[in-house]
Structure formats: C-alpha cells, structure tokens
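Visitor: Can you build the whole structure from these sequences, using the hints too?
Protein chains in written order, with the working numbering: chain C, 1 to 493; chain R, 494 to 621; chain P, 622 to 1110.
Because the hints were derived from the structure by calculation, they are not lab data.
Bear in mind that the values here come from a model prediction, so they are computed numbers and not experimental data.
Treat the hints with caution; some may be incorrect.
As the list claims (entries may be wrong) - Label pairs and their computed distance ranges (CB to CB):
id, chain 1, residue 1, chain 2, residue 2, range
1, C, Ala107, R, Leu557, 50 to 60 Å
2, R, Glu603, C, Arg24, 22 to 32 Å
3, R, Asp615, C, Ile300, 16 to 26 Å
We put the beta carbon where it would ideally sit given N, CA and C, even for glycine.
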Amino acid sequence: MLAHAPILQIIIPLLAAPLIVLLRQRDLAWIVAVAATALSFLFSARLFLQVAATGEPIIYEIGAWPAPIGIIYVIDSANALVMPLIAGIAFIVTLVGRGMIEAEVDARDHTLFFSAWMLTIAGMLGQVATNDAFNIFVFLEISSLSAYALVAMGAGRDARALPAAFNYLILGTIGATFYVIGIGLLYMLTGTLNIGDLAARLPEIGDTHTGFAALAFIALGLFLKIALFPLHFWLTPAYSFAPSAVSALMAATATKVSVYVLIRLLFGVFGLNFSGMDEVGTLLLWLGVAGAFAGTLAAIWETDLKRLFAQSSIAQLGYMAIGMGLMSSAGLAATFIHLVNHALMKGAIFLALGGLAMHVGRVTMSSIAGVGRQAPLTVAALLFGGLALIGVPLTAGFISKLYLIRAQLDQQLYVIALLTVISSVLALVYVWKIIEAAYMQDRPKDAVVIRETPAMWVGAWILVIATIYFGVQAESLVDAAFRAAETMLGDAQ
Amino acid sequence: MNLSPLLAQWNYVLVIGLMMIGFYTVIARGNLIKKMVGLNIFQTSVFMLYISMGKIKGGTAPILTGDATTVYSNPLPHVLILTAIVVGVATTAVGYALIIRIRETYGTIEEDEIISAINAQDGHQDAS
Amino acid sequence: MTLPALTPDLLIAGLLLLPLIAASTTVLTGKWDNLRDTLSIATGVITAFFAISLFRHISAGGEASLSLFTFAPGFTIDFVVEPLGALFALVAGCLWPVATLYSVGYMRGAHEKNHTRFFFYYAVAIHAAMGIALSGNLLTLFIFYEILTFSTYPLVTHKGNAESVASGRVYLGILVSSSVAFLLLGMIGVWSIAGDLTFVPGGVLADRLDPTYAPILLALFAFGIGKAALMPLHRWLPAAMVAPTPVSALLHAVAVVKAGVFTVLKVVIYIFGTDYLLSTGASVWLVWVASFTLLAASVVAIQKTNLKARLAYSTISQLAYVVLGAALATSIAVQGAALHILMHAAGKITLFFCAGAIYVAHHHSDLRDMDGLGRRMPVTFFCFALGALSIMGIPPLGGAWSKFMLMIGALDAGQTVIVFVLMISSLMNLYYLGQPVIRGFFAPSSDKEETLAEAPLTMLIPIMLTALASVLLFFYADLFLLTFEGVAP
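Guide: Okay, structure coming up:
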C-alpha cells in the first residue's frame, strides 16, 4: 500500500468525486470528502518524512512503464514539502468548512459541490506530484475547471460570482493554453515530455529561438496562473465572490501550486543558465515588486474584507515572485518558505472570515464593527493572521521576511530590499483598520448578534497555531526549504 | 522578401494565424459567446500545432504493419491532443453553462452591459 | 543580598519569567482586586531582588548566559548578560514594583476602568523589556522589541475613547514602521555582512564593512529604533501621553524609551564597536542629529503648558543625550550615556509620578492651573523639585554625574561645541522644569484654597522612593559606573 502512496494521494480524491455523485446524500458526501482528504494528507505526510529522512527522491512509475517512455511521479525534497501542505489545508478546510458551505450554497447542490471540491484538490496534488510536463497540464485543467465551477457556486450569495468565474475561466484557459504551446515547442526540440529528461536534453539544443519561445510561453502562462502583476485581475473577483470555503481553500492552495509549477519548470527544466532566464528573472523581480505595492495599496482602500485579503494575496505572491527572480538558492528557499507560510496565514484568515460570514453575510468593515467582543476567538485568529502578514516576530510571516530580505541583500539588491520592507509596513495599515473596527468600535444596536460556535474558529486556530509554531520553531521549515531549493537548482547554482 | 521558408512551414503560419484570430476575438469582443468561440479557435490552433508537428515526412499512419522499414508519424501528439480536446470541450461546456446563468441573472451577455449592471448594483449595495 | 542558591542562569530565567507569572496571576485573580494587586507588587519585589543580584554579579566581573532554543538555522534565542544589560534590567526590575504600587493608587484614585487588563499588559511589557535587556543577539532583541511595542499598545489605548485610539494609531504606526522598514533591514544587513547576529565586544563590523556604508547602516539603526525618539520619529511619545499616567511613568519614561536608547547603545558598542566608529567617523552625523533633537525638543517643551506633554518633550530631549553619548563613541561618553539611562529613569519617573498625583488629587493637567498648588501638595512638589534638579544635572542629584561625563566625553572626542549644546540644554531644562516648581510654591493660586490635599499614600510612597533614589544615586554613582569589554578607555 505504502509503495503506491505517490499515486494514491491523488487517486483517492479523484475517485471520491464520482463516488460522491453516486452516493447522492449530503452528509455522506461530506464524510467521504473528509475521509479522502485525510488519507491524502496522511500519505503525503508519510512521503515527506520519508524523503526528508533519506534525502533520496521517490520514483513511482505509473503502469510500471519506466521513464521517459511512461509517466512517472518523482517525489523529491521540493514537492514533498508542498504536497502535505496542500493536502493538509484541504483536509482542515473540508472538515470545518461544512458550516460555511451550508450557509452559502444551496442544499440541493451540495453533492455536486463536494464532487467538484474533490476534483480540484486531486488536480492540485497531481500537478505537484507528477514529473511529466503534459501531465501537469492535465491536472492543471482538472483543478481549474472544477475551480471555475466552485467559484460560480457563490452566485447563490452574490450574483457577481458568475462574471467573476467566467473571467477566471477565460484567463485561466489562456494561461493553460500558453503553457501547452510552450510544452509543445519543448517537445519539438527534445522529443520528450519527462521533466528530468527535458532538463538533461535542453542545455545542448536549447539555445535556439524555439527554446526561447518555449520559455516565454511557459513563463507567461504560469505568470497568469500565479496572478503576477499585471496579470492578476482575475484573482480578486474570483476569491471575493466565491463561497467562503472555496476562498479559503483556493487562497491557501491554488496559487501556491502554480508557484511550485513555475519553479519546477523554470528551474527544474530550463535551469539558471538557459538563455533568456536572466530576463525572466528581471521580470519576476520587478513585476513582483509592482504586485507587492499594487496589492497592498489596493487592500488599504478596500472595505470588503474578502476583497481586501484577496488583494493582499496578490502582494504576497509578489514576494514569492521576487524570491524566484533573485535566481539564487537563497531566493528560491525564501520563496518556498513564504509559500508554506502564506498558505497557513491566508488559510487561517479566510477561514476566520468564513466563520464571520456565516453570521454577518457580507464581511465588511461596518458589518464587523465591535465584533471582537461577540466572537473573540474568531477575531483573535484574524488578528494573528494579520500580524503574521505584517511579519511580526514569533509568526511565520517574520521568518519569510527574514530570509527573503537576506537573499536580496546577499545579491546587493538594496533598492528591492527597501521596497519590500516598505510594502510590508504598508500592510500594517489595512490590518490595523480591521483590528480597530473589530475591537475598538461599538457594535451597532441593529447589527446581527453573533453567538460564537467552535465551527467558526477551530479551523482558523489550527492554522494560526501552525503559523506560530513555524514562527518560533522555524528550523525544520527553513531546512526543508533550503533542501527543496537545492534539489530544484541541481548542479547549476 | 524570400517567402519560401515561410511557405515551407505553412503549418506554423496557419497555427499562428488561427491563434491570433482566436486571441483577438477573446480580448476584443464583448459578447461572451464570441469570447468562448475565440477561446475555442485559440485552443484549436494549439491542437493544429501539435498534430502538424507529429507528421513525419513520408510517414504513414502510426499503426504497426509488421514491416521493420515503415516510417510512422509520431502518435504521441495525437494522444496529447485527444486529451487537450477533451479539456477544451469541458472548458467550453463550463463556459457556456456560466453564460446561461449570467444571461438568467443579468439579462444580457454583453460584457459592458454586465459591468454597468454590476456597477449600478454595487452603488446600491455599498450605500446600504 | 545575593541568594546563595541562585545561579546566574536562574537569575536570567527568573527575570524573564517573573513578569509573566505576575501577568498570569493578575488574570487569574482578576476579581479580587487587593489580592491581585498585592501579588503583582510582591512578584515585582522578587524581580527587583533578582535584578539587583544579577547586577552585582555582573559588576563583580561574573558572567551569565542562558540559551533557549534554536529559532532558525544559525539563530538561537539566547541571553547573555553584559554590564549595560544588567543595568537596564536593574532599572526596569527595581522601578516596576514601585510603579505598580503607584498604579494601584492611581487607577483607583482616578477611577480608571479595566484594571485587570491594564496590569496584565503592564507585566507583559516588563517581560519584554527584560528580554531586550538580557538578549545575547540582535534577533532576540528584535523579537522582544516588537513584543514590547504590541504589548504597550493596549496600554496606550486603555481609555478606549476616540482620542486614545487615534494616538494608538500614531504610536503603533511610527514604532512598527520604523522597526520593520529600517531596523529589520539594518539587522538583516548585519546578518549578511557578518554572518551572525551575536553581540560581540568590540563590534562585528570592523574589517567587514566598507566605511562608506557604515553611516548608512548606522542610520538604519538610529531611525529604525523608533523607541529612542530621535527626531523626526519622536511623535509617538507625546501621542502616548494619552495613556494613564502610570503607563507614561514606567513605560514611556523608563521601559519603552530606555529600551530604545539601550538598543542604540548596545548596537553601537557590540555591533559597530566604538573603535570602528571613532576610526571611520561614521557616527559624526548622528552627533549632530542627536544635538538637534536635544535642543529642538527642549524648545518645544518650553512652549507646552500641559504638564505631561512638557515632560514628554523633556524625555525626548534627555533620550537624545544617550544617543549623543553613543554617537560620540568615546569611552567616557559611552559610560556617561549608560549612566544617564539610570539617572534619567529615576528622575523622570518621579516627575511623571507627581504629574499623576496632581491629576488624581486635583484633576489638573495644565500648568496654568497649578499655581500655588505646591503649598497644598508640599511633598509632591518637593519631590518634583528633586526630580527636576536631577534632570537639570545639578548636584547633589544623580543626573549631575551623567551630564558631567557626557561633557567630558564630548571634549574627549574633540567636539567642544557639544559641551555648549549640553549647557544650553541645561539652561532650558532649568526654565521649563523649574517653572512649575516656582509657580507651585510661590505663585498665588486661582481658587484661593490653601488646605493640605495630597495624593493618596499609595502614590506618595513611590514618589518619595524615586526622589530619594535620585539623591542617593549622586552619592553612590560609582557603583553603577560600567566598564565595557571592547571599549578602549
């Protein structure tokens, strides 16, 4: 059984999807979902521990066909780190999201909702585990299509979810199609789709217009998927109008998976020395800075909290892009650290928002006035998530900042470092607006009275505790991230 | 201007032409169905790219004949494109489902009319 | 007074844990006011003993360190006590129980609300100050520095009204922005240059940092350490005066601001190294910036009629003394700066205590209402006079020594103009601190009342204790004169 862990962690959610449709019963649907995500998490955690212990990648051949003829899954230090993160967050959100889903999605749609939910999770895990470039596309589309449907399910609460989902569909498909074009060009050059094989063959024949075009298409397609400025406009509407559980899941996982895929393709396939990588690096660096400012400044002006934190995600993704753009082992490690930490922080925040949304409907600065006294634990989770975003010490966000800025200073990029800290300081403005609204204002007499239930804060607090844990005991994460970076960069550093 | 290399690679010219037509339609047209059509054309151009790259000069259909000297066209791109076609069909289905729902909700499938309807609603919502 | 069973690392652990224990007991015994407050003060007294023991141990040449855990690869949370840290811990530890006793009197006398919440965050803030004092590397210091900012925010916004929330925004805004934008950047810069953030006698930058960059790095620290209230980052201090006076007294005259200048001094001595600064001249610009702050803040203080506002600007000016001493970087200047941390703490806390006493007894906060009040509150105003004399630097009050040493240190560094700056500042101090005393005792009062109406005893005792301390410090100053390893005499 354990020998098949690499494929099982994906197959189980994948099979759970049609199973849920067949079962047709709401409660069973949820139970199956929880069980499937739990199993995925256990398998992926086991794989992580195994890879961390031995340092050797685990190679799984599908159908026992060896590479490069068959499709193989390779679990190395890089994706062994990301998979338990995705599966774990999926498990937690599924477990606690039931209340949010019941409040926001029509009861008749629940089975189909959970089915799409399982598909998107399976798709994300598949993208991370696989070592075949086209397989990435397949799982990317599985995950994206179900995501479009999930976002559209928010229409019950706010009709704007429909145009948001449609826009997301158009832009997401364009991105994926660009990616496929790039893969096609690579296939034309090398005759293989296996990532390891591509990495081996590209250096000799890559220095051509075709290779350069392939890099451009792949990079651009994935830039769109990671919502890099200025290709980020689809993210805010999609996250803010989707049902709260969907926002929580996607804010914490979907873009992280795309960041991973971008890293795998850029560094694992093309490598640092590929012609054109310098330009890609410069783009990542400056567009990341632009995104950091655009997202933070937009967030400052927002009153709708889900939109606010979606804008904040764009800024945080900007930091990850900066880490990638540094084109160094330290920069890549910083990106991995922030990838994990941001997933935890944003997951906690969106789950807390979902908890509040169950009672107040649209979560805005005015609807949460004075809520700190009525829902103390939920708002406290929001507070800690916010503090982590600012980068207060003892939270994981501080660790991310520490290593990102160190990587920047190591390369003498002083201006970028200064811009990074300044945008980080600006985050204080919007976090504090929320804290003041929740704690320092009085709850208006005609506002909804919230009676706090554990369902509102349990999930958020699990992730908050993880954030604080990784803020205080960062050693394991930092080591894992550096191992991941070195694995990805291979010999060319 | 020497056109012969361009004519020799006419498949790529076709691909790029279709790609740009599709892409332009997606971006420039406000009607949602037209966007979907543009997206389809865009995706189809990519299919063409893959399939045309699979054809080997003098190659026959990739079915084993038992003759060791037969030159076959590459079957792998065909397989890839089958997958991609399915993805394209699914995307189109989801897209049109969304368009139907949008039509039901907003009464229109023109992008600018939808945006103005949203802005009008937003004004009401934010004021409340 | 050294308890024989206590080893140095236990002293460190105690100093860090005792305030947290006090915070916990405060929350647990919240309903029973007297029990809660007695436990607070008792824990504070024990902390004072620990701080005194540690200081005596370090002064005698002993060492003390405690390593907690590895935070991230290459970073441990550890505590290494050196003379400056022991001094700061002494100041915070001894003044905390005194201030707690005073706070009990104030909070009840002024009918403030939410006492439990107040004393909880009060204790946590002291814990953070201890963490800063005893930190062994810059990362540990930074972590506790931020904890101090966030734990004092609820104290600043304690009243919960619009004014305190707005002031809280200024407070947090300036302190967090400066620390994240500049201090963090400087810290990571040091990490990048030296590979490590441990405090080392003699500094870590010599031979590693090109002297042209040294002033920039120093600027990142000088402006990043917002708690030192160097202009133009000083606005948080007058904004924080909206807090109840015990907060202003202990935290914004002692713990928070001293944490700021302590950090500046510590960075100057143990990261840059005084030799490095003197040989490269990287801190000369800071001498002038500090001098400007010194004088400008005094000018503003003269114009303020709200007593706490005047004291706040006086504090800004006095903090600049310490930064000035650090920037001069000669051995005597640095020693004078360290001594000033102690002297100013004792003097300023007395002044703030008196301001709070006046508010509780008579509900006056503006100087124009305090004419003749000295005759009705003789003890308070006499102690105010003692504290004022210490700040002015007049013997036989402790402040005389630190000011004197700073002047000698300036001469040592060849900056004779600074001597004049210090003298002008003393004259201005004389005016704006002397005026309340003179008017309090000799001016005719507006309401013609002449009955004795002092503040409650729980407030008077701390006032008298700290005023007495200011006097005693003059005679026992040599006990607190620190010698720093790595600073050439």
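Visitor: A separate judgement is required for each hint: does it hold in the structure or not?
Guide: Verification of the supplied hints:
no.	hint	in the structure
1	C:Ala107 with R:Leu557: 50 to 60 Å	54 Å, holds
2	R:Glu603 with C:Arg24: 22 to 32 Å	38 Å, violated
3	R:Asp615 with C:Ile300: 16 to 26 Å	19 Å, holds
Of the hints listed earlier, the one the structure fails to meet is number 2.
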